[in-house]
Amino acid sequence: MSERKIGVYVCQCGGNISDYVDVERVRQAVAEDPDVVVARTAMFTCSDATQQEIVDDIKLDDLDGLVVASCSPKLHTFTFRGVARRAGLNPYRYTQVNLREQDSWAHTDDRAGATEKAIRLVRAGIARTRLLEPLDPTVVETVPRALVIGAGIAGLRAAIGLADIGLGVILIEREAEVGGHVRELGTMYPHDRQGQELISELLGEVRRREGIALFTNAELVRKGGTFGNYEVDIRTRGDSNMTRRFEVGSVIVATGFDSYLPEEGEYGYGIPGVLTLPQFKKLVDASEGPLVYGDRPVRSVAYIYCVGSRQGESGPNQYCSRFCCTSAVHTDLELRAKSPRVHQYHLYRDMRTYGRYELLYNDSREKGSAYLKFAPDTPPEVQRRGDGRLEVRVHDQLTSQREVNLEVDLVVLVTGMVPRSNQELIQRLKLPVGRDGFFNEIHPKLRPVETVVDGVAICGSCQFPKTAGESVASGLAAVSWSAAMLKQGRAELDPQVATVDPDLCTFCGACTEACPYGAIGQQDLGGGRQVAVIDPATCKGCGGCAPLCPEHAINVLGYTGREVEAMIESLAAGVA
Amino acid sequence: MSATLQPDLAERVGMDPSFNPSACMNCGICTAVCPLGLRHLPREVFAYVVLGMEGEVLQHQEEVFSCLLCKLCEVSCPAGVHITENVRALRHYFDRNVFHIEGR
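Residue numbers (this note's numbering), protein chains in the order written: chain A, 1 to 576; chain B, 1 to 104.
It is possible that some hints are incorrect.
Cβ-Cβ distance ranges computed for the label pairs, FRET-style [said to hold, decoys possible]:
{"hint": "1", "chain 1": "A", "residue 1": "190", "chain 2": "B", "residue 2": "6", "range": "31 to 39 Å"}
{"hint": "2", "chain 1": "A", "residue 1": "286", "chain 2": "B", "residue 2": "6", "range": "28 to 36 Å"}
{"hint": "3", "chain 1": "A", "residue 1": "318", "chain 2": "B", "residue 2": "85", "range": "52 to 60 Å"}
{"hint": "4", "chain 1": "B", "residue 1": "84", "chain 2": "A", "residue 2": "165", "range": "28 to 36 Å"}
{"hint": "5", "chain 1": "B", "residue 1": "6", "chain 2": "A", "residue 2": "208", "range": "52 to 60 Å"}
Treat the hints as calculated values from the structure; they're not laboratory data. All C-beta atoms, glycine included, are put in the ideal place defined by N, C-alpha and C.
Starting from the given sequences, assemble the full structure and let the hints guide the process.
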């Protein structure tokens, strides 16, 4: 027997575990292990009091291993690593055993079985902990510079924010002009300022800052290097095609959205006078007095909501585009200010003028606009009449399903946002794309701009449909995230990564090919002997390479072949 | 069945600037609290006025004149609709257009 001193803590999770697992029996069973010095149960192991108790035990009994049997490691790995660190124990000599998601919650009908399973799971954790070696985090130096991709309103504001906290900025824009969609907008909500004005102000601020290098007609063509020191190649088109290389510590993606374009015939799209919301908004923005369309005064307008959004079975876009209700209501008010006598009819499914934008909705109703509600299974029908006017037929849920025939001059299809096609960028950065086609953050509330790719954040409407204000807010969140990472000049990375034993490796190349992160290269040891070498800053410790190695030369630190075998033997002990 | 709309109906019914049936957000609290249990007044009849469905408005004459003007709905209305004043305006509209009583 090895002579380890391991502490084991079995959590009740306030009944979540102890209602279905006899935690006292588990404690007694594992306490028999000669390497277990301390074995306790606790109501909530994650509570401050129990954390302190563990710290005290580690110090008092000079423990060199820690097992916490509670919930999923996704929840509290960092909590208990912190406990170990505070007590002077190497944090990588701790094992989290999942008795909740993988046992008590899964076997609520079988208390005896769940208890037996718990004992095996904890024993496996002890078996692993017995073999764990201390590990130290990989420390990398970080470059105090960020790359911002996309100079729309989110990217411009992020660049200014980064420069103001002392980080260098490379700001690139694919188009010849900065500003994206906002540049095209006239009056915007809620401040009633002009889109063009906002963009030229921001561009002025960008130009005033020496720390920002702005490239238009520019694209990212390659990202290399490792976390904290990415190498990015930026190609600019124009008079001379040129590729420049920069070192950056972080990348902020702010590539924006595309407007949904209805199909021919969708709610009458294609008929003269049937416009999308962006087309109509341009018309209203440009009009200086009463609105005229095709030489005829516009006396009435019908808006049809949720076009290209919340499509259900009928299309690919299941999501709500969020900004369009408020945008349509704001455009209604903008038009009313210019043409007070226009009759405006809004055909909606659900009004979502959230937060203070509700005031715009109130204002629009109080000024006389009519709102009708249709059900998704009976959508409005749009037809062109002989006299050129448009007829919209709708079943109004607010007036006992009356069929209402609206005769109008214009029909506005309130179209939403769709993800922009950016396949090359997605591949170059390995960006995670959600089912809706927008980029995915790690957690919408807790880590709202970070992606699973280290050092790469997303902001603005490439993430999900957002208003300009929300885009700017997320851009600034990405600035804070960059600052937290880059202002220290160094970052600590998880040391639980794959390593190659050069004595065993024959470089067949199987691991290099399998690595999803491109972390495995080739090294010449001299005399023609080639071996695989893994960059610890790029490796994520996923373990995908280890089972492929025909020579068993690869081990993931913290999950070595020996450690995993010991866990399996413990789990299966006595099972025929 | 569908009706021809009179887009200027609201202007013809409510000649006073305080007439505001379009402010309604269709929550239905008015109908829930009505001590007479009126089904269509105020919310749905107001919607007919805003949409210009004159025939539908005329069909609800009895409800328009049954209302007690007790204001229970109005004090409960979260959208600030001047319900009783709007009902009075509707009664005037019936006086003028149905009973041909000129006044005001």
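(request) Check each numbered hint from earlier against the structure, then list the numbers of those it violates in ascending order. (result) 3 and 4
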